[in-house]
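Listed below are the residues making up each chain.
There are 2 protein chains.
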Amino acid sequence: MTTATLLHERGATSNLDLAATMAEIGHRARAAAALLGLASAEAKVAALRDAARAVRAQASEILAANASDLEEAESEGLSPALRDRLALDPKRLEAIAAGLEAIADLPDPVGRVLASWTRPNGLSIERVAVPLGVIGIIYESRPNVTADAGGLALKSGNAAILRGGSESFHSSLALVAALREGLRSALLPQDAIQLVPTRDRAAVGLMLAMNGVIDIVVPRGGSSLIERVQRESRIPVIAHLEGLCHTYVDGAADAEKARKIVLNAKMRRVSICGATETLLVDRKVTATILPPILADLRAAGCELRGDPEVLALDSAVRPATEQDWRTEYLDAILAVRVVDGIGEAIAHIERFGSHHTDAIVTEDQAAADRFLREVDSAIVLVNASTQFADGAEFGMGAEIGISTQRLPPRGPVGAAELTTYKYLVRGTGQVRP
Amino acid sequence: MTTATLLHERGATSNLDLAATMAEIGHRARAAAALLGLASAEAKVAALRDAARAVRAQASEILAANASDLEEAESEGLSPALRDRLALDPKRLEAIAAGLEAIADLPDPVGRVLASWTRPNGLSIERVAVPLGVIGIIYESRPNVTADAGGLALKSGNAAILRGGSESFHSSLALVAALREGLRSALLPQDAIQLVPTRDRAAVGLMLAMNGVIDIVVPRGGSSLIERVQRESRIPVIAHLEGLCHTYVDGAADAEKARKIVLNAKMRRVSICGATETLLVDRKVTATILPPILADLRAAGCELRGDPEVLALDSAVRPATEQDWRTEYLDAILAVRVVDGIGEAIAHIERFGSHHTDAIVTEDQAAADRFLREVDSAIVLVNASTQFADGAEFGMGAEIGISTQRLPPRGPVGAAELTTYKYLVRGTGQVRP
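Taken in sequence, the protein lines are chains V and F.
Mapping of the first sequence onto numbering that gives the first Met the number 0: position 354 corresponds to residue 353, and the numbering continues sequentially without gaps.
Mapping of the second sequence onto numbering that gives the first Met the number 0: position 117 corresponds to residue 116, and the numbering continues sequentially without gaps.
Same shape as in the complex, but just chain V (with noise of 0.2 Å):
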């Protein structure tokens, strides 16, 4: 940070001097994002280009901050697994780097005419995307998002107030310093990208209080922080709940798509929001294809709950219960039910799922379109994978998040979902009459 003050950590602050803190980060960030947002396409490209060498060149003093995370969160007794997301390694940093760059390669999403068209009085009207302007990003422990968020506000042309997991404090303060250089390098001002400099928790709250400053609210993490996020914001939410996917084998599925389709959308990483978590069968192949499913899903080391229907057929199943049907495991288990068609999955779906990303396994063309049609959720596939549900995987180069709100942005977030747009009107000295 150029001139904020590192404040003193965990709750050592003085109430006064986070306010003060947090009240001048905001002041920066607005002046920032109203020149970010009138930046050329050229220079927020050297700006991700120039952080993506920085990240290169500043490696040593990135990972030796991420070390000492590490050390604290052994200290502190963090799980193994918590510890894997933390860490950085060489590998891991030129991900990071590649990853920037890659946003640098995405169209420009500043000053697409989205929709024009002229009004009968010779009025010229255009939709233009301009971006939202200053975007609190608050996140849980992967140093990543830090670059990932930070990146993407950049491309956006939005001034971005990061608030890191405290557990990836230091890793966190390293990388945003890289992508700060790419910003000083390419001209632009660097308060665009700024790193809440406290692990204090009272620096959430004043963040969501802070309404006319920061225009939206990201929340990435879980549903607790999603949660608190919600309840307390003053400011607008793009909010990323939980993702209870389904999977559904319909009657007329091909049996292979569907066994490696099931096998991947459960078991290729069970801890991404896009994992099915509920597996339907239609009864009409259950002897059939469903068999197989669950053999595979069992050699991979997946624990299978079902309903009665299920364990009639395999009695190695365990009992679902209705709780099952509304659990997001993140985990190595997956609840099946046996369906009556299509009907009866869609409003299992609609009833327990979260509108997140669903699929059906069919090759009856009738089938598909009426589960595209009538599941209401931010995806729906037509064999494939609900691991799908990624930004990347979709074509925007990196993702936020994926919303499960109702409002735009739905889905994957990113550059271009962190836009809006306003309304251009050329006139020739039209009155309204």
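Honestly, the hints are just simulated from the structure, not real lab data.
Check before you lean on any hint, since a few could be wrong.
Stated by the list, open to error - Here's a subset of chain F near chain V, in silico, CB distances under 7 Å, partners left out:
#: 1; residue: 44
#: 2; residue: 122
#: 3; residue: 263
#: 4; residue: 266
#: 5; residue: 351
#: 6; residue: 377
#: 7; residue: 378
#: 8; residue: 384
What the hints assert, rightly or not - So the derived label-pair ranges between C-beta atoms look like this:
#: 9; chain 1: F; residue 1: 116; chain 2: V; residue 2: 208; range: 38 to 44 Å
#: 10; chain 1: V; residue 1: 73; chain 2: F; residue 2: 231; range: 44 to 50 Å
#: 11; chain 1: F; residue 1: 75; chain 2: V; residue 2: 343; range: 53 to 59 Å
#: 12; chain 1: V; residue 1: 308; chain 2: F; residue 2: 39; range: 50 to 56 Å
#: 13; chain 1: F; residue 1: 186; chain 2: V; residue 2: 315; range: 46 to 52 Å
From the three backbone atoms N, C-alpha and C, an ideal C-beta is built for every residue, glycine too.
Mind docking chain F on chain V? Use the hints.
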């Protein structure tokens, strides 16, 4: 209302009754939304046309209901201006019916393919417009809002829970009966349009807590209503804050265009959100272009408040204080300030404006382009009256308001802006590596 009980009015209900009624309304709205969201464009057009027919056929009932509202309004001492906003007559009623037909004639906003692309792995991705779900609309006295809001919600496939102003309670009930008749005759669910059947103000608080039932809240009314809704709502809001609109007369303005535009922008209707509240004039043209503008305004009955330079030019102008730059008069009053060119004009707008609608009058293309680019408002105009800030004038048929928030929808909110989107992904067995 078909089965919902018409509750006692003005707080005579018990909280328990009211909570049960609101829960029942919410339950019906969700069921209706699920059906209406899948309704064909033709069925929605038929419902809107039949609703227009029903408004005409039930004119005498609607006017009688309005007469009883007006009677109460008079006995409660409402101002003549407010009573005029409330009053219906055959001409206004015909405009309401014609408005429903204009909404019917709009292109169907649901199912539009907003974007589509294919990934290298063969996945085809479409972003398709879908309804928001259940919209809660909270508005004040004008009964025509009941028809506009209900009609736009219907067109966009959303169920609407309408909470009208208590002064227009009987008028709204009668209008909603006609809208529901249209739904019924088109075989669509009547509960897609419901009016909260009580004037008890506690109903608003209950609506704002119906997260999970109501998807979006749209307040339409004065700033105290909007602020209450933003403060209390647990549900995302499409907010319409004040319209502190500017017209800037540039040094390169055409004198005649400037004269015509400023007079219209201020005086055509002073009470609408797109009315200009502050006139900024480039110092280069204060001696030439400004005097006839001020004369026109004064002749039209406009009070003028100016900075010292304006006072020096025209001693009949009253001095403006800083508060004038911050005031949405909604009245025949205009604040006038001399600025040192376009840069100072933009800085004034950024500092004091409400990011609603701002206009420049200029013949200089570079100045026009700069103003369009740098003024960060929902609507930015060149050489046209700010009073064009209106959904109908934009060609949207009607509007439910002008959103001044940053996230979409921003600007006029018509039927298309009451949709969100989902992603349809079609594969052939793809799994994620």
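Quiz item: If you check each hint against the structure, which ones fail?
Solution: Structure breaks hints 1, 4, 5, 12.
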